[in-house]
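Student: For reference, the chains in residue letters:
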Amino acid sequence: MGIRSSEAIGRRIKQAREDAGRTQESLAQSVHLDRSALAKIETGTRKISALELARIAENLAVRLEWFVADAPPALVSRRNTREPGAPSPTMDALAERVAREVEFVQVHDETLRYQQTPEALRRPTTRAEVETAAGLARELLGVDPAEPVTHLSRRVARTGLLAFSIDLGADAADGCAVLLAHGGVAIVNGHLRVGRRRLTLAHELGHYLFADAFALDWQVTGSEPASSREGKIDHFARCLLLSEDALTRAWADHRRDERPLRASAVLTASRFRVDMSTLARRLSELDLVSNGEAGDVRRLQTTRADIVDLDLVVSDELEAPELARPYVEAVLRLYRQEIVSEARALDLLFDTWNEVDLPERPSLPQEAIWSFVS
Amino acid sequence: MAGREILVFDTGPLSHFARQSWLGVLKAVVGERQALIPDVVVDELSQGAQQDSRLQQVLDADWIERRSLVTDEEVAAFARFSALLVTGSRNLGEAGVLALAAVTGGVAVVDDGAARRAADANRVAKRPTLALLCEAIRSDLLTVKLVSAIADDLMATQYRLPFDSGGFAAWARDQGLA
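Residue numbers (my numbering), protein chains in the order written: chain A, 1 to 374; chain B, 1001 to 1178.
Some hints here could point you the wrong way.
As the list claims (entries may be wrong) - Listed below are the simulated DMTMM-like cross-link pairs for lysine to aspartate or glutamate, each with C-alpha atoms no more than 20 Å apart in a straight line: (1) A:14 - A:34; (2) A:47 - B:1135; (3) A:47 - B:1072; (4) A:14 - B:1072; (5) A:40 - B:1135; (6) A:40 - A:7; (7) B:1027 - B:1135; (8) A:14 - B:1043.
If you are wondering where the hints come from, they were derived from the structure by calculation, not from laboratory data.
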């Protein structure tokens, strides 16, 4: 963390205050400053003390070192299927926080810093190339082409992508991704159901592996998905979760047993842990169903009775709050080694843990007393 | 001021001395050295004094000098230590102590393990409260018996030393400190 001028710190304070929708009067009052003093701090004409900076940071719920640190990496994608292209300040704010905290931990933990990051895959331009790219991605994730992709969040970590699932509510975007100097971060809105959570992560994995520049998902067009950049990433996500090989075989088995379409679809969606809309689209893409059948599948909903009747296993993948395992392991290492305080460790775990959840730190040997008494 | 050793105090150690009415002892232990507290510690002590009036003595002590961390270097150092220790308003004092010790070349009086580790990683000299208590014992300002309870508590909670209750007194006896 370098030394920033008062002017740079002031600019960041102004930005954070405006992001929080606060006026100078309101913030100044909360942190026991005159409005004119805050105005001068924001323009860098008055120096800010550590105490004032700490009060402002706490009041704006921003970590104080961020006012002094470099800007965080930018988003590479933001996916918002419910309202394509709409801004999602809560998702963006969470992505910034996660990206900054992961980078902080990487500075102090070699294991997290030197996670393997694969060479960027060539961006596919045709449907065939998308299928090939998804096959390469499955290899990177260590998935048999004939099997469903289970434990997706754990598997994407093999590529250096750290997946976080946090419930941001129905109004926030589905997910986003940030490329870091070492690896990357994917955020999934844990408010979504399991199939959509997995699809979102598969989508963000695509952006990460293709090392995309920022792309918003408003380019997705329902009628011509494959013609657009985001449409190809969506296609990639479907191919990844529903490989041609695995889905064709599974679907053929169901049809051979002459199961009704509904039971076939419910069982297949459950086995591959995808939502009905994604399954319908993929079945249609692979010419395994007619347009009419695809529509029927899309409208299906798995019921509680299905779970009992068909003996389905309900997946809790990416159930919020879920933090990337390698990241949690790294935070615990920092805690055990006393590189961070207990309070900071809990903060790095996004307050999803309590004090009692943290491991016990080992005792020192008795002779260590000498370092405390002299 | 050059050549005078500087001790930078955190809220915790000062509170220990104030609650036992040992500030006079601490003043004697500090002796010719300079005692400093950063603005964030002043703030913590002021808040603490509202709950426990004994802490007001620290704020009233004229031999404890207050310093605001305001230069770019001081604020940067404060931010660096905050990143390791602070959440909300927790541990702000420690981060301020380490920052002030770093820029003045002083000795940070801190007890928490992460604060001590941060001092080492940033080449900031540090001393634990227990060392100051031992100085007071050696100077016949305090007795082992008087500091025994605080020492045991520090050893168990902050230093994670494997001593039972009464462990410090037993150790001190063995070492001829008592």
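Student: Please go over all the hints and tell whether each is borne out by the structure.
Tutor: Against the structure, the hints:
1. A:14 - A:34: holds, 15 Å
2. A:47 - B:1135: Violated. Residue 47 of chain A to residue 1135 of chain B sits at ~39 Å, over the 20 Å cutoff.
3. A:47 - B:1072: OK: residue 47 of chain A and residue 1072 of chain B at ~8 Å, within 20 Å.
4. A:14 - B:1072: holds, 18 Å
5. A:40 - B:1135: violated, 46 Å
6. A:40 - A:7: holds, 10 Å
7. B:1027 - B:1135: Within the cut-off at roughly 12 Å; holds.
8. A:14 - B:1043: Answer violated: residue 14 of chain A to residue 1043 of chain B is near 24 Å, above 20 Å.
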